[in-house]
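Asker: Under mature numbering (1 follows the signal peptide of the UniProt record, and there is no 0), the letters of the sequence shown match residues -19 to -1, 1 to 180, in that order.
Some hints could be false.
Stated by the list, open to error - 30 Å max Cα-Cα, derived DSSO-like pairs, lysine-lysine:
| id | residue 1 | residue 2 |
| --- | --- | --- |
| 1 | Lys41 | Lys121 |
| 2 | Lys153 | Lys49 |
| 3 | Lys153 | Lys84 |
| 4 | Lys95 | Lys121 |
| 5 | Lys95 | Lys153 |
| 6 | Lys84 | Lys95 |
| 7 | Lys41 | Lys84 |
| 8 | Lys166 | Lys153 |
| 9 | Lys84 | Lys49 |
| 10 | Lys41 | Lys95 |
| 11 | Lys121 | Lys49 |
| 12 | Lys49 | Lys95 |
| 13 | Lys84 | Lys121 |
| 14 | Lys121 | Lys100 |
In case anyone wonders, no lab produced these hints; they're calculated from the structure. Fair warning: this is a prediction, and the values are worked out from it, not measured in the lab.
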Amino acid sequence: MIKRNLLVMGLAVLLSACGFQLRGTGTNQLTITELGLSARDAYGQTVRDLRLALEGSGVKITDAAPYKLVLNNEQENQRAASYTGTGSTAEYELTKVLNYQIKGDNNLVLLENKVEARKFFMQDSGNIAGSTQEASMVRKELDRDLVQQVLLRLEQLTPARLAELQTLADEKARAEAAALEAQQKAEAETPQQSPLELP
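Build out the structure end to end from the sequences listed, making use of the hints.
Answerer: Next comes the structure, spelled out in structure tokens:
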């Protein structure tokens, strides 16, 4: 009995030492202290959950923040995954994809990426209410998964990395502006051909 308890304690120490933690436990360690947050669907469940998760991780959500997290597009797809012997759908696969951007000074895009989550649920034709409730629960779980994935991505963004991305975005913007200016100058200096006169 004592050996088994020691083994369990040893495994717990080993797992915690390598950074393992059960999903949904602990807090995300974000080095970003302030962040703007906006979404195409400003009142959607995902942006509300993300706001709460960020604030719970010690991030102040403010429009005055130097960096802004923008949730551009959230898509949901549902497809039949299996069928019963009678040919009716028995199981569905539900997928949610969230596209997001990190913007910095001058509203320049520093980073854009997407996160994706998928789950399966059963459809019982004899229990429509129960199936509808299960689908609703699966959607909430997918929302939580998307939020968790975004937080994990944000954990990797240190102030130094964000400053580096801002520098790259500034250089790209300057290069694009210079190329546009050169193109406009070349067009202005090119003599306009007079229309061809036909006899």
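Asker: Hints first: check each against the structure and report whether it holds.
Answerer: A quick look at each hint next to the structure:
Of the pairs offered as hints, the one joining Lys41 and Lys121 holds, with about 24 Å between alpha carbons and a cut-off of 30 Å not exceeded. A C-alpha spacing of about 19 Å is found between Lys153 and Lys49, which places the hinted pair at or below 30 Å, so the restraint holds. Only pairs whose Cα atoms come within 30 Å are accepted, and Lys153 paired with Lys84 is accepted, the gap being roughly 14 Å. The straight-line distance between the Cα atoms of Lys95 and Lys121 is roughly 18 Å, inside the 30 Å bound, and the hint therefore holds.
Our distance criterion of 30 Å between C-alpha atoms is met by Lys95 and Lys153, whose separation comes to about 22 Å. Between the alpha carbons of Lys84 and Lys95 the distance comes to roughly 15 Å, so the proposed pair stays at or under 30 Å and holds. Simply put, Lys41 and Lys84 have alpha-carbon atoms about 16 Å apart, close enough for the 30 Å limit, and the pair holds. Annotation: proposed proximity of Lys166 to Lys153 holds, straight-line Cα distance about 20 Å (limit 30 Å).
Taking the CA atoms of Lys84 and Lys49, the gap is about 5 Å. The hint holds against a cut of 30 Å. Our distance criterion of 30 Å between C-alpha atoms is met by Lys41 and Lys95, whose separation comes to about 23 Å. Distance restraint check for Lys121 and Lys49: the Cα-Cα separation of roughly 25 Å lies within the 30 Å cut-off, and the hinted pair is therefore satisfied. Proposed proximity of Lys49 and Lys95 is supported: the alpha carbons are some 16 Å apart, at most 30 Å.
A hinted pair counts as satisfied when its Cα atoms are at most 30 Å apart, and Lys84 with Lys121 qualifies at roughly 27 Å. Our distance criterion of 30 Å between C-alpha atoms is met by Lys121 and Lys100, whose separation comes to about 11 Å.
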